[in-house]
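Student: Sequence:
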Amino acid sequence: MAATRLELNLMRLLSRCEALAAEQRDPEEWRLEKYVAALEDMLRELKKQASKPAPELLNEYSRKVDFLKGLLEAEKLPSSTEKALANQFLAPGRTPTTTKERTPATKTVHLQTKARCTGKMRSELLGTVCFDSEELNIRKRKGLVSDEKQSAVELDAMLQHHQDMQEKLAEEMLSLARSLKNNTLAAQNVIKQDNQTLSHSLRMADQNFEKLKDESDRLEQHAKKSVNWLLWIMLIVVCFIFISMILFIRIFPKLK
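Numbered by this note's numbering, the letters in the sequence shown go through residues 1 to 256 in order.
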């Protein structure tokens with residue numbers, strides 16, 4: 001089905017938003033936020049149309065718009081640590097928006113944003129932004145290099161902790177998916193067995209019905225035969241009585 005004008009406009013604006021999100025923007029940049037709000041309105045209108053796209057495509061559009069919206073909300077957080085944590089939970093799109101893209105632009109933006117946040121966190125903790133080479137020599141003389149190393153170790157430990165949490169969450173999700181799959185397979189087996197039992201019961205019922213029908217036919221034929229024999233016996237008895245009465249009248253004449 002061909003894309004409608006509204007869908008084409010949404011795709012163009014979405015591609016523009018992805019390009020803006022990939023750039024290094026000023027804090028006072030307002031276009032991306034306005035564009036994302038317009039994307040939300042266009043997506044709501046697209047879902048209301050009669051000739052709307054496939055559900056999978058609509059879900060992909062919603063996923064990308066939610067990613068851009070979450071990216072803007074993460075940029076408004078005060079500290080780099082909160083920004084990094086917020087970016088960890090963002091879900092980029094799975095498919096490219098335009099045919100020119102080899103990988104989804106939102107995925108590239110996600111990786112760039114994570115790298116920027118990690119760099120800012122490391123810079124804030126190590127203090128490399130605020131100190132020049134002369135101050136670094138002074139800090140070395142004062143024995144503060146060990147503090148920087150300790151801060152680096154703490155940062156690595158914190159990042160490792162977040163990575164372990166993500167891996168644990170992924171393992172739990174995988175375990176839940178396996179459990180759901182096993183439960184689904186078990187339910188399918190139970191339903192399959194019930195269907196087999198029901199089919200067997202239906203076959204037995206059909207066989208019993210056929211046997212009952214045959215027995216009913218045989219009983220009906222037997223009843224007809226019994227009625228025929230009884231009728232013949234009654235006719236013979238009547239004839240015998242009639243002939244006996246005639247003979248009785250002939251042998252014993254009427255008294256005068």
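For the record, the hints were derived by calculation from the structure and aren't laboratory data. Don't be surprised by glycine CBs; every beta carbon is placed ideally from N, CA and C. Honestly, I wouldn't trust all of these hints.
To be verified - With a straight-line Cα cutoff of 35 Å, these simulated DSBU-like cross-link-like pairs (lysine-lysine) come out: (1) K107 / K69; (2) K107 / K34; (3) K69 / K181; (4) K114 / K192; (5) K47 / K120; (6) K34 / K114; (7) K114 / K181; (8) K47 / K213; (9) K211 / K181; (10) K48 / K120; (11) K76 / K34; (12) K192 / K213; (13) K52 / K69.
What the hints assert, rightly or not - Each pair of labels, with its calculated beta carbon distance range: (14) S51 / R94: 38 to 44 Å; (15) A115 / H161: 38 to 44 Å; (16) A115 / A50: 42 to 48 Å; (17) T108 / T4: 34 to 40 Å.
Student: Kindly indicate which numbered hints from before are broken by the structure, ordering the numbers from low to high.
Tutor: Checked against the structure, the hints that fail are numbers 4, 5, 8, 9, 10, 14, 15 and 17, while the rest are satisfied.
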